[in-house]
Each structure stands twice: as C-alpha cells, then as structure tokens.
Amino acid sequence: MMRLDIAADRTPRSIGQKLWHVSWSLVLLLLVIAAVGFAMLYSAAGGKPDPWTSRQMIRFGIGIVLLFGIAVTDPRIWMRYAYVLYFLVLALLAGVEIMGEIGMGAQRWISLGFIQLQPSEVMKITLVLALARYFHGATLDEIGRPTFLIVPLLLVAAPVVLVMRQPDLGTAVMLLLIAGTIFFLAGVRAWKFGIVIGCGLGALPLAWSMMRDYQKRRVLTFLDPESDPLGAGYHILQSKIALGSGGIFGKGFLHGTQSHLNFLPEKQTDFIFTMLAEELGMAGGLVLLGLYALVLVIGFAVALRVRNQFGRLVALGITAMFFFYVFINIAMVMGLVPVVGVPLPLISYGGTAMLSVMIGFGFVMSAHVHRDLRIGRHGIPESD
Amino acid sequence: MYREDSNRYKAFSRRALVLGGGQVALLGLLVGRMYQLQVLESSRYRMLADENRINMRLLPPPRGRILDRFGRLLASNRENFRAVIIAEQTSDVERTLDMLARLIPVTDHDRRRILRDIKRHRSFIPVTVRENLDWKDVSRIEVNAPDLPGVVIDVGQSREYPMGADGAHLLGYVAAVSEKELSGDDPLLELPGFRTGKSGIERAYETRLRGKAGNSQLEVNALGRVIRELSRQEGQPGDDLMLTIDLGIQNAATEQLRDKLSAAAVVIDVRTGGVLALASVPGYDPNAFNVGLSAAEWRTITRDPYAPLANKAISGMYAPGSTFKMMVALAALENKAMAADQRVFCRGVVQLGNARFHCWKRQGHGWLDMHGALMQSCDVFFYEAAKRVGIDRIAEMANRFGLGRTTGIDIPGERSGLMPTSRWKRKVTGVSWQKGETLVAGIGQGFVLTTPLQLAIMAARIATGRAVKPRLVYASGANGDMRPAAVGEFPALRISPESLQVVRDGMNAVTNVQGGTAFRARITEKGWHMAGKTGTSQVRRISKHERETRVLKNEERPWKERDHALFVAFAPVDDPRYACAVVVEHGGGGSAVAAPIARDILRETLRRDPPDRDDDSIAAGAAQGRPA
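The listed protein sequences derive, respectively, from chains A and B. Using the numbering used here, the first residue of the first sequence is number 1, and each one after it goes up by one. Using the numbering used here, the first residue of the second sequence is number 1001, and each one after it goes up by one.
Please note that a few of the clues may not be correct.
What the hints assert, rightly or not - Okay, the calculated bits of chain B under chain A, using three or more residues with CB under 8 Å as the criterion:
(1) 1009 to 1017
(2) 1026 to 1040
To be verified - A few chain B positions that, by computed beta-carbon distances, are all more than 10 Å from chain A:
(3) 1094
(4) 1259
(5) 1297
(6) 1306
(7) 1363
(8) 1387
(9) 1560
Unchecked claim - Some chain A residues close to chain B (C-beta under 10 Å, calculated; not the full set):
(10) 138
(11) 139
(12) 181
(13) 185
(14) 237
(15) 240
(16) 241
(17) 244
(18) 246
(19) 258
(20) 262
(21) 265
(22) 278
(23) 292
(24) 296
(25) 335
Bear in mind the hints are in silico, worked out from the structure with no lab data behind them. Note that the Cβ used here is the ideal one computed from N, Cα and C, for glycine as well.
Using the sequences and the hints, build the whole thing.
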C-alpha cells in the first residue's frame, strides 16, 4: 500500500491541487444520472421544463458546489465536528417533532428559503459521520466487547425513535440499514446481528401495534395489492401496470399513457422509476440500473483505497446509503417491498434528497481526495 | 497502530466484499423482477393499461320518426336544450348561479340540487341546471356567456308528440328502460337516460325505431376526463315509420269523440286494411310520460274512471248489440235456416218457456222479412233467426268475420273479445248452453263481446266479402328512403254473394231508407252514401217492474248503467272504400249518438279520400325528409 505520492500528505495541498484529485468519473456519472432525472421530470410535466426540471437543475447545481466544497475539506475537520453535527441535526429533528406536537402543523421540514430542509434526510449523513468517528479509533478487541456497542446503538436509536414518531417508516428503515452496514463494516460479529435481528422480529408484533392505520394498510396491501385495486392497493397496481405495459423498449419518451393520464401516482417523486420504465422500457431501466451500479463500483473502489478507517467507513457508508435508496425505491415500485416514502436518488423531484445525496458524495469524494491521509485515534495525523 | 489498522483493513475489505456481493444479488433481484413484469407479463399489463385509458362511449342513434301516410309528423325528436354548469370552469358556482337566475328561473330547490350534485361529482362533470329551454332562453344565455363562466348549453334529444293526447293510444310513448328490458343484449339499453317505447307503435316497432348504437373510443385520464377520441364508429339511425293513418282523419275522429266521456272510433280502408284513424278518448299526454310522471299524476291517471290509459279501440270490449245482427242474418242465410224472404211476425215480445224476450219496440213491428228486420233492427225477428240457426253456427259465422279473436293489428294490447259457443260455456261455467242464451246472443247481448276494431273489420268484410286484416305501417325506411310495406289481396270469405247482398241491402236501408234506424244520420252527398247498422247494448237487466211502469231513460241512470251506443258502417255503398266503427261507452242509443259521429267521420274520410293520393304520398313523405 506504500505509494510514492505519500509526500503529498505531508505538505498541505492547495484547493486547486485537491480538485485535480477529485474523481471526475464519479462527477460525470452523477451528472449523467441527474440528466436522466431532468429528462424524466420534463416528461412528467407533460413536456415542459416547469415546474420540476428547472428547479431540480438549480438544486443539482447547488449540490455540485456543496460536493466540491466538502471534497476539498480535510476529513479531520469533519471528524472533529462529527458529533457536533450529529447532535445539531438531532436537535433539529426533535425541534420539528416538538413543533408538530405543539400544534404548529405536522411539518417534517424547516424552510431555508431556497429549499425546505428535512432534518431526517440530513440525519442519514450525520449518523454515518458520527458512527464512523466512533468506530474510527476502535480496535477489533474493543468492538468485540458488547458494552462498547452501547454508545453507537444509542446514537442510532435516538433519531430512529424520533423519525418513527413522525411517522416516517421509510427513513427509519433507511437509518437502521445504514447504521447496520457501518456496524458490519466496523467488524461487529455476525452473531450479534443475529441477536438484534432476532429481537427485532420478536418485537414485530409490538411494532405492528404501534403503527398507524395507514402504515398497517400499506403493509397489508403490499402483501396482496390486488385485493383492493381502487383503494390502498391502487398505487402498487397502477405502478405494475405502467411498468409491465412498457415492455422491453417502452412506449417512447413523453408517451407513457399510465403516467401522462395520471393513473400513476407521485410520478415525479417516488414513482419516477415506473414512469421511466414505462416510457423507455426494460432497456431504459437496465441502463439506469447500470449507471447506479457504476456509482456503487466507484464507491467501493474509493473505500478500499482509503488509508484511514474514518474515510473507509464514511465512503462505504454513504455508498451503502445510496444503494439502499436505489434498491428500496425500485423494489417498492415493482411491488417487491411495501410502499415507503423513499425517493430514487438524483432522479426523484425533491430538494433535500438531492442535496443529501450530493453532500453524501461530497464525503465520498473527500475520502477519495484524502485517501492517503492517516488519521490517529483522535483525529491527529500520525507520522509514519 | 499499523498492525491494528491492517487487521481492521482486512476485516473491512472482507466485509466490504460480502456487502458488495449482497448488493449485486439484490440488484439481480431487481433485474429479475423487471424481466418478469416487462417481458413475461407484459402483454397482460398492456391490456390492463388499455382498459385503464380507453373508454367506450355509446353513441345513441336518433330514434326513427313516426309519420302519417302523407309524411306529417306524428312523433319526432326534438332538440332538447339544457343549461349545464361545469364547476371547474367557474371560480364561484353560487355567483354564476345568481347571474343565471336573472335570465332563466332557478328555484331554491334547483339550486340545492345543483350544489349537491356538484359536490357529489368530479368538477369537470356537467350538472344540469334546467332542461327544455326555449330559443329565447338559449339566446339569452349565449349572449351573456362572458358573465356566465362554466355555463354551457347542451343539446340532447327528446321525443315529441305533436298530437299530444290525441295520438297517445296509437303511438304510445317512450320512457326510461325498465328492469325487465335490461336482460336484452343491446348495450344502448344500459345508457343512462335512454328511453324505449312502452306502448302503441313505439313499443311494437321498438327495435326498428331504435336503430343501432355507434361507439366512440375515448382516451381518458385517471379522473375519467376525456383527453381525445381515438376512433369513432357511427351508429345506424332508427327507421322512420310511415303509418297508414291519415292525420286529418285521425284528428276528425278524435274531434267527433271529444265531448264524450269515453269512446272509440276506427276507420279502415276496406281494400288494404290500412287503418286511417284509431281514436280513443279520453287520452293522456305522452310528452309527460317522456319527462316522467309524479306519483300523484300517475295515481290520477290510473284511478280515472274513464281509463285514459286504455286504448279502447283495440282493448275495450263491448256487447255489440244490434250491430251483431248481420252475423245472425248471414249465419241463418248461409246455413239455410232461413230464406231471405222468410217473414216473421213481431208483436213486441216472444215467449220461450217461462221467459219473455222483448223487442226494443214494445208495440212490435208486425210482419217483417230480413231486409226490414235489419232496417228496423227488429229484435224479435233475430230471436227467431238465432233460435233456428243455433249459437254454434252463429259463432262460426262471427269468427269468419273476425269476431271473438284478435285481428292481429300491430300494436300491443289488443283483446280478442268473446264469441261464445255451447262448448265454450260448458267448459268455462260447467253449465250447458240454454236456448234463451241463444236468443240473447242473437241480438248481440249476453256473453258476446267485441272491440271497436273488430266491428270495423266486420264491416269491412261485409263490404268486400274478403278477409280484411288491419295494418298500421304503410312504409318504412331510414334517411327518407321509404319502402312501402307489401300488400297482398285478402282471400275471399266464401260467403255467397246473394247472402252478402241481402245484408248489405239491409244496412243500406238502415241509413238511406225512410224508417231505417239511422236514416237521420245518412250521408246525403251523391256517390258517398253510407250503409250502416246501429247498436244499443244494455249493460243492466231491465226489471219486470220497470218494464211494466216505465223504462228509465238513459239520462236518468248513473253513467255506468247507461247503454253503450254503437254504429258500424261502410261507404260508399256502391263501391265500398272505407269502413268505420264507433262505440260510445255508456253513451245512449246507437242511432242518436253513435250514428251521427260515424257519419261525420266517414264524410270527412270521403272528402279527403286519401287512397286517391296514394301514389304521391310516399314520395311526399320521403321528400319532407328529416328535420333540418
């Protein structure tokens, strides 16, 4: 693993030099996927750039700026502020929850003017940072001690409970999956996962009793969507009809009947993949999946080349988050998992999701740019 | 530290590999699912998608019109203008309604209904504000269109009967499809607001008038809003029907009956059987049925003692009274029970066993032959004739002239009347036929029942000696391409001309010889002379006491107990062209009440003499074409 350019880490690099090390292939890939999204939003609006495409482009532009900003920032800074950021976002999350409680409307977002920020969305990233920071300094022996896992479990539990109360099943599941991935990558024993999953299954009846009616209905209709084709099963059924009727090569861009005649619900957000697969067919769907797979490959490649545990965990944690977005969304619209509100990254219309993905890849990029940096237990660079 | 990190790196990369493998597997699952949905099950989903988006809409064809023999409209389709409001096209429904209320009446009740309907339907569904707008209303709304956002004038079709109540029994009416009809396989029947014929011609020729539905394939969105029409197949309009009816004669007949409480008249062409007029009073307004009656209106109609719903010309059954005497005469002559010149002495009453049978003329007619007996309608003579020939042979003769069985006219509701025989009586009552009953039947009383149409057919058969059958459709066809219905010559009745001539001469004497029972109702115009026969049928027994004191006059009895007045006739005597029957229910005497009516109707018929214009009429009807 010894490389000749190690010297670069010793002498601070200029921002220009760092930009030179940015993975431009990843940037290009993100741009291509976002462009597919723009096209689909254009079609969803009936062949018009408004109201969705234009605003989505602005958000992508902001996202790119944030991505580069984070990419060129020293990961040690992020590491230092990981907990601070985590608690800040946790406070925001609690804040929207309390505002909802005391009757100012059940908002899940805070208005920042140009976008409406959903703290739960940002929490996914800060949770990755916080957990990566926690596990960064841990030896495998420490990780083997069950007591050592109490703190990270609390870090996970706090936002999950808040998000569940909103209630936002999709985000809660996402948070659990992301956290689980980092625990797994950090080296937590498989049997411990077994115990947690076992307990989780045991708690299912309890969770069921805590779920709201509409959530229960979603689960039930997932199990048998055709039992109630005009009621709760409508979304899944219409989505499957749209997908299936698209066939191999689709009905043509702008010519999806299901989506343009409004049989397809939420076509610009959660069900945008359905629209793509209706208009561009299985071929279009496979191309998009291929693009996503390339992003994952790059994410893995970055993570495996990073020389510090924080960067590795962040890079693969974010990559995993990206994967879960893609998988849960597409599986949902194809009726493989229940309908939960998970957007298709870079494509679904929505500000926070777009920004959180771009910010997330900012951290991946940061890890990539600073891949040869060695970071001590507490964030201090070590001499070799 | 390095050592530790390399351990961790090994663990990390191992687990990253596991994670990557898991992700590849899950992505594979997605691809597999895509293959399943988009390749394996694609055709099924494509069908479902089309079912989603394509709506078939039926295009109801225009209902065929009904015309008289000269192409005058008896039933047509009127454009029904209605004002509808489309909620999504106006920002404030209430305000628009306020504006509209200044132009056309909008009651509070209307307003509540409209607001309720708007709430109930999607906002692009039009809700009817008011139907049957006249031109003034329509133009007022159109002119003010800018101030009436969301208000649209919509054109539908509704059936219109220009004759109103006067044609109701003949033409019938249309109304909403009933539950029973729904079993049919014509999709039109399921169309909301679709109407089918419920009686008369409308019912009898329902399928031909209806036509065939067209359809239009519409692309709709998830809310049901129409996006565009994908294809359209025009339907086939219903056939126009040209009836044998002459509107002028029909009106004249109705006019003659108008001041009667309950009556019917029939005029037919004796050569073709074509019915020129078929009138029954009182009537009802078929236009009201089209719109729909309230429960109260319906109750009034059905409880009316004069039965306005019944077509009495074909379903009213009356004892024929003396109009039946021709049948007895023919039965006696043809069966050689009596010769034409056989004379019978009438002293006003006949004794049979313990029973006495009276003539209408108490002091008697003296010696009479058949000719005189018909002319003066002597009851005693026909008691004797009936007694000699017997009921079964009378019935056989009456059947040949169309009595006791339906004539087969092509509108529903015809009744067969009753022509009793000894076998019939034994079967129905279990008691054998009494001789006295033959005598009663001999003057058209007792069990014998006939309809006005049967009496007209009887008169036509007497006039021609042929088995005349009634028909109502003269020609039919769509789009002005009228094709005449086939007419064949009616078969002969096989009655000897001599016998028929005796009867015809008798009928001629009734009207045209001084002393005939209807001499005062004769037609005096040269060449138009009418032959006829009066009939006055009792509906109650005259008691012995009443007979010994004084028989109550008709006017002195309650309506239900008054005699039926009947008259049958044909004209011109020398070359019969038209036959007519008039029945005035509980109207009094045949000669005083029914005969003048029949005379006037026949005179009007002869004046118009429609068959002479036959050749032009079809062309004229066709040329009139459809309404602009």
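Here is how each hint holds up against the structure:
Proximity of the region 1009 to 1017 of chain B to chain A, defined as three or more residues with a beta carbon under 8 Å from a beta carbon of that chain, is established by the 6 residues found. Coverage of the region 1026 to 1040 of chain B by chain A holds [criterion: at least 3 residues with CB-CB distance below 8 Å; count 11]. Distance check for residue 1094 of chain B against chain A: the nearest CB is about 29 Å away, which clears 10 Å, and the non-interface claim stands. No Cβ of chain A approaches the Cβ of residue 1259 of chain B within 10 Å, the least distance being about 63 Å, so the stated non-interface status holds.
The claim that residue 1297 of chain B lies off the interface holds: its Cβ sits roughly 41 Å from the closest Cβ of chain A, which is beyond the 10 Å cut-off. Annotated as non-interface, residue 1306 of chain B keeps its C-beta farther than 10 Å from every C-beta of chain A; the closest such distance is 54 Å. No Cβ of chain A approaches the Cβ of residue 1363 of chain B within 10 Å, the least distance being about 89 Å, so the stated non-interface status holds. Every beta carbon of chain A lies more than 10 Å from that of residue 1387 of chain B, the smallest distance being close to 81 Å; the non-interface claim holds.
Residue 1560 of chain B, annotated as away from the interface, keeps every beta carbon of chain A farther than 10 Å; the closest lies near 61 Å. With a cut of 10 Å, the hint placing residue 138 of chain A at the interface with chain B holds, because the nearest CB-to-CB distance is about 8 Å. Because the beta carbon of residue 139 of chain A sits about 5 Å from the nearest beta carbon in chain B, less than 10 Å, this interface hint is met. Because the beta carbon of residue 181 of chain A sits about 7 Å from the nearest beta carbon in chain B, less than 10 Å, this interface hint is met.
At its closest, the beta carbon of residue 185 of chain A sits 5 Å from a beta carbon of chain B; the interface hint therefore holds under the 10 Å criterion. Because the smallest distance between the Cβ of residue 237 of chain A and any Cβ of chain B comes to about 8 Å, under 10 Å, the interface hint for this residue holds. A least Cβ separation of about 6 Å between residue 240 of chain A and chain B falls short of the 10 Å threshold, and the interface hint therefore holds. Interface restraint check for residue 241 of chain A: the shortest CB-CB distance to chain B comes to about 5 Å, inside 10 Å, so the restraint holds.
With a cut of 10 Å, the hint placing residue 244 of chain A at the interface with chain B holds, because the nearest CB-to-CB distance is about 2 Å. Evaluation of the residue 246 of chain A hint against chain B yields a held restraint, the C-beta minimum of about 6 Å falling below 10 Å. Annotation: interface hint on residue 258 of chain A holds; nearest CB of chain B at approximately 6 Å, less than 10 Å. Annotation: residue 262 of chain A was flagged as interfacial toward chain B, and the flag holds, the nearest CB pair being 4 Å apart, inside 10 Å.
At its closest, the beta carbon of residue 265 of chain A sits 9 Å from a beta carbon of chain B; the interface hint therefore holds under the 10 Å criterion. Checking residue 278 of chain A against chain B by beta carbon gives a least distance of about 8 Å; that is within 10 Å, so the hint holds. Proximity of residue 292 of chain A to chain B holds as hinted, the smallest CB-CB distance being about 8 Å (cut-off 10 Å). About 6 Å separates the beta-carbon of residue 296 of chain A from the nearest beta-carbon of chain B, less than 10 Å, and the hint is met.
A hinted interface residue such as residue 335 of chain A counts as satisfied when its beta carbon comes closer than 10 Å to some beta carbon of chain B; here the least separation is about 8 Å, so the hint holds.
Of the numbered hints given earlier, the model fails none.
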